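Chemist: Below are the chains, spelled out letter by letter.
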Amino acid sequence: MSKISPVTGHYVTVDVDGLEYKVFYLENGQGQPLVCQHTAGAHNHQWRGLLEDPEITASYRVIAYDLPRHGKSDPPENTQWWTEEYQLSADHFANFIVALVDALELVDPIFMGSSFGGNIALQLAHRFPERFDAVIPVEGADYSPGFYLDWWQHPHANAAQVCGSGTWDLMAPQSPEADRWKTWFYYTQGSEAFKGDLYFYSVDHDLRGKLGEIQTNKCAVVLMTGEYDYLTTPEDGARTASQIPGAEFIEMKAIGHFPMSENYPVFKGYLVQALDLIRTKTSVRA
Amino acid sequence: MTVATRAPSVDAWVQSFTEANNQDPEIRAHGKYFTCSYLLDMEAHTFVVRVVSGTIAQISVDPGPIEVPYQFAIRASAHTWSEFGKPVPAPMYHGIWAATFQRDMKLEGDVLVLMQNLRCLTRQIELLRSTGAPV
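Quick note, the sequences are listed as chains A and B, same order.
When you read off a place in the first sequence, starting at 1, and then add 1, the result is the number in this note's numbering.
When you read off a place in the second sequence, starting at 1, and then add 22, the result is the number in this note's numbering.
Hints listed in this document are in silico derivations from the structure and should not be mistaken for laboratory results.
Among the hints, erroneous ones may be present.
Under the rule of at most 25 Å between Cα atoms (straight-line distance), these lysine-lysine pairs were calculated in the DSS-like manner [what the hints assert, rightly or not]:
no.	chain 1	residue 1	chain 2	residue 2
1	B	K54	A	K183
2	B	K108	B	K128
3	A	K254	B	K108
4	A	K269	A	K254
A few chain A positions that, by computed beta-carbon distances, are all more than 10 Å from chain B [as the list claims (entries may be wrong)]:
no.	residue
5	I5
6	Q88
7	D170
8	P266
Being a predicted model, the structure only gives us computed values, none of them experimental.
Each residue gets a CB set at the ideal place from its N, CA and C atoms; glycine is no exception.
Full structure from sequences and hints, please.
Modeler: This is how it looks when you write it as structure tokens:
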């Protein structure tokens, strides 16, 4: 058997809101596009288990990109970004994902993201329901205050270790140690983006009072939350789902805030349930 | 199902926690600059843990007022700490961030020192899963 993974990497140029990005993405599989957003301050290796899963990639084209300023996606090509404080807005985050979908010429994609990726999934369903077949907000909620902290980028502390160990408790003790440490390792690499990402997560993202406007007949919504997530708890996920007409909620046991990265086999069981729910809902729509 | 476990005595815990820390491969590998003093307030007992270069040099048990200085404090109820002392803690008792955000834990004092030592401190607190908590 070849030791070369079927996962391939590419760069695509994305123009959005006057900014030009060279975006790196990993992909594998054939079928309906399943576009995957990593968590704040991380990169697309969080989706490594899904990208190499032969069962899922038999039916889905899994695309996991690095958001600009993360992993191999550089900050904007055409601005002096180093002269400004990075604060990710809901407008720009949502516009970027639609521009990426356009650049890749994707038809009826499913969007899945975790944490701030779960929150932007809800924003996409709210703003662009005609552009996505479905969204799977993982560890997402209508509102998630409290994590826009100076500690992530404090010059008197080791920011890499604060980001890695400050998010450690978001994972479940049952998750394999090696996978938790990989996730920790990704976090040590993203400390210059983490706090700015959390501006979106904890400050600019606020769908309270707007969830009822989401049209699940156009864009299905299946939320999933792990029981060890202390930031967006299962109660937050259930509350959010209950206010979206037609949305589904799945509580994931014995897993935390980075489910796809900390314990892919457990996450996969729930993901298959979510994809089945989406297939049922969209077949009714057709 | 919860399994009833006896909390270790204070003396036994001081010894086992010190040994667990001082023999821990992760702390030995990364603790060169892990030097600080902090208060563990477990309601029924308080402890000042003094760490020097990753080694627990001393644990002061129930120190008197202004007797033993420390840089930051981790405070929670005896119940919370007893949950920390289980081999697989229940959700929200699985770390100081989780219990601070969702339960009754408080991080007080010079939190910058806590953040400067966060990597090894996180591991050190997790050693309670093997030693149990003395409350």
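Chemist: So, for every hint listed, does it hold in this structure?
Modeler: Evaluation of the provided hints:
no., hint, result
1, B:K54 with A:K183, "holds (22 Å)"
2, B:K108 with B:K128, "holds (20 Å)"
3, A:K254 with B:K108, "holds (18 Å)"
4, A:K269 with A:K254, "holds (12 Å)"
5, I5, "holds (33 Å)"
6, Q88, "holds (22 Å)"
7, D170, "violated (3 Å)"
8, P266, "holds (18 Å)"
Figure legend: structure checked against the earlier numbered hints; the only hint not met is number 7.
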